[in-house]
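**Q** Take the sequences, apply the hints, and build the full model.
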Amino acid sequence: METTQKIQTPETRMAALLRGVRAEAGLKQTELGVLIGAELSIEPVSQMTISRWENDGTVPGCYLGAISRVCRVDVERLLV
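According to UniProt numbering, the residues represented by the sequence shown are 1 to 80, in order.
To be clear, the hints were calculated from the coordinates, so they are not data collected in a lab. From a predicted model like this one, the values you see are computed outputs, not experimental measurements. Idealized CB from N, CA, C, for every residue including glycine. Hints are supplied without guarantee of correctness; some may be wrong.
What the hints assert, rightly or not - With beta-carbon atoms standing in for the labels, derived distance ranges:
#1 ILE7 / SER41: 37 to 47 Å
#2 GLU24 / GLY61: 14 to 24 Å
#3 VAL73 / GLY37: 14 to 24 Å
#4 LYS6 / SER41: 32 to 42 Å
#5 GLY65 / ALA16: 28 to 38 Å
#6 ALA16 / ARG69: 19 to 29 Å
#7 ILE7 / GLY37: 30 to 40 Å
#8 THR58 / LYS6: 30 to 40 Å
#9 ASP74 / GLY26: 23 to 33 Å
#10 ILE7 / ALA38: 31 to 41 Å
#11 LEU40 / ILE7: 26 to 36 Å
#12 GLY37 / LYS6: 13 to 23 Å
#13 LYS6 / GLU39: 25 to 35 Å
**A** Given below as structure tokens:
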């Protein structure tokens, strides 16, 4: 029997990483979006957008600094 091995792409790694740092920070998707918006002085990022980022791993680079500050992790941790 052949086992199927899931291939890790940069996108799947980023999706898992974002979910992980958000969970470690104890934030819900909606809360993360509000805090990112406040950090960048923009409208809150929607829960649907955060969910999409956590599923497809395509977080725009301009948000990485805000995510790292809000979740209190080094930005280097978010670079895949």
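**Q** Could you run down the list of hints and mark each one as holding or not?
**A** The hints, checked one at a time:
Under the hint 37 to 47 Å, the C-beta atoms of ILE7 and SER41, about 39 Å apart, fit the expected range. Judged by the Cβ atoms, the range 14 to 24 Å given for GLU24 and GLY61 holds: they are separated by roughly 21 Å. A C-beta distance of roughly 19 Å is found between VAL73 and GLY37, which places it inside the suggested range of 14 to 24 Å. For LYS6 paired with SER41, a C-beta distance near 39 Å keeps the hint of 32 to 42 Å intact.
A C-beta distance of roughly 20 Å is found between GLY65 and ALA16, which places it outside the suggested range of 28 to 38 Å. Checking the proposed 19 to 29 Å range against ALA16 and ARG69 shows it holds: the Cβ atoms sit about 20 Å from each other. For ILE7 paired with GLY37, a C-beta distance near 34 Å keeps the hint of 30 to 40 Å intact. A beta carbon spacing of about 18 Å between THR58 and LYS6 contradicts the range 30 to 40 Å that was offered as a hint.
Distance hint check: the CB atoms of ASP74 and GLY26 are about 18 Å apart, inconsistent with the given range 23 to 33 Å. Checked against the hint of 31 to 41 Å, the C-beta distance between ILE7 and ALA38 comes to roughly 37 Å, which is consistent with it. Taking 26 to 36 Å as the suggested C-beta distance range, the pair LEU40 and ILE7 conforms, at roughly 33 Å. For GLY37 and LYS6, the Cβ-Cβ distance of about 33 Å falls outside the hinted range of 13 to 23 Å, so the restraint is violated.
A hinted range of 25 to 35 Å for the beta carbons of LYS6 and GLU39 is consistent with their spacing of about 33 Å.
Violated hints, in rising order: 5, 8, 9, 12; the structure is consistent with all others.
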